[in-house]
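Peer 1: Sequence:
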Amino acid sequence: MSIPLLTYKPSSQNQRVAGYEVPNEDTPYIYRLEDCVDETDIQELIWAAYRQVFSEHEILKRFRQPGLESQLKNRSITVRDFIRGLAKTEAFYRLVVETNSNYRVVEVCLKRILGRAQYNKDEEIAWSIKIATKGIGGFIDALVDSEEYQTNFGDNTVPYQRRRYKDRPFNLVTPRYAGYWRDKQEDARYKWGAVGNFLDMARSLKITPVTQTTKVDTANIKIPDTTRDNKPEGTRVSINPVASFPARK
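Each residue of the sequence shown is one higher than the one before, counting from 4 in this note's numbering.
Each hint can be trusted.
Pairwise CB distance ranges, derived in the manner of DEER restraints:
no., residue 1, residue 2, range
1, Lys209, Arg165, 45 to 53 Å
2, Ser73, Ile33, 21 to 29 Å
3, Ala94, Gly141, 16 to 24 Å
4, Tyr122, Glu47, 27 to 35 Å
5, Asp125, Trp50, 33 to 41 Å
6, Ile33, Gly138, 28 to 36 Å
7, Val40, Leu63, 25 to 33 Å
8, Arg67, Tyr122, 32 to 40 Å
9, Thr211, Glu101, 44 to 52 Å
PhoX-like, lysine-lysine: derived pairs with alpha carbons at most 20 Å apart:
no., residue 1, residue 2
10, Lys137, Lys91
11, Lys76, Lys64
12, Lys124, Lys114
13, Lys91, Lys114
14, Lys91, Lys64
Since the hints were derived computationally from the structure, they do not count as laboratory data. Quick caveat: nothing in here was measured; it's all calculated off a predicted structure. Where a beta carbon is used, it is the ideal one built from N, C-alpha and C, also for glycine.
Kindly produce the complete structure, drawing on both the sequences and the hints.
Peer 2: Structural data, given as structure tokens:
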């Protein structure tokens with residue numbers, strides 16, 4: 004028995020109305036299968052899908068999926084199925100899923116497949132539970148088959164970043180990053196072994212210095228002389244012989 008997707012509310016009301024933006028150099032180019040009239044057009048659409056899903060600046064040959072490409076060129080599958088297939092490949096699993104936590108996987112997949120960032124922490128938790136109960140394949144299916152995906156991209160449009168208020172395009176953000184950048188972006192999350200986890204605790208400690216209230220006068224203290232040279236004349240130092248113990252049998 005699987006747990007249903009938890010309900011969550013968007014943090015703002017902007018998603019309820021269509022956005023209006025003046026086209027500029029940041030406006031994404033929309034790739035549609037019905038706009039492809041020759042082999043060059045469909046090849047550009049395929050590369051756009053690779054860039055969107057894999058977020059690679061240079062698509063490596065070993066990441067390509069010739070079987071899916073051939074089916075798309077022959078119109079045997081839709082662009083939506085092509086996106087689904089790319090997100091379920093072993094390459095995507097090794098690049099995204101294997102190297103991140105479920106929360107980070109949700110963040111990356113929402114940007115790559117739905118073209119937007121998560122609304123809030125509640126949505127991030129809800130989708131992470133979907134991964135835990137259905138697995139990564141069930142999570143990908145839930146995104147691709149969602150009403151939001153169908154409304155915005157349909158069957159023949161490559162997903163794209165729908166709104167961009169700041170930062171870089173989603174498909175230029177790699178899921179792997181150095182520890183410094185991870186700590187900077189996720190400073191609110193607990194990271195095992197990080198010194199920063201204990202800084203707040205250390206700052207909260209209040210140490211009261213101990214001050215000596217009674218003043219001790221050490222000027223008149225006399226230390227007795229215990230050297231041998233000052234012994235009275237005729238004083239002999241006797242050394243008692245050590246008693247011998249019987250030998251062990």
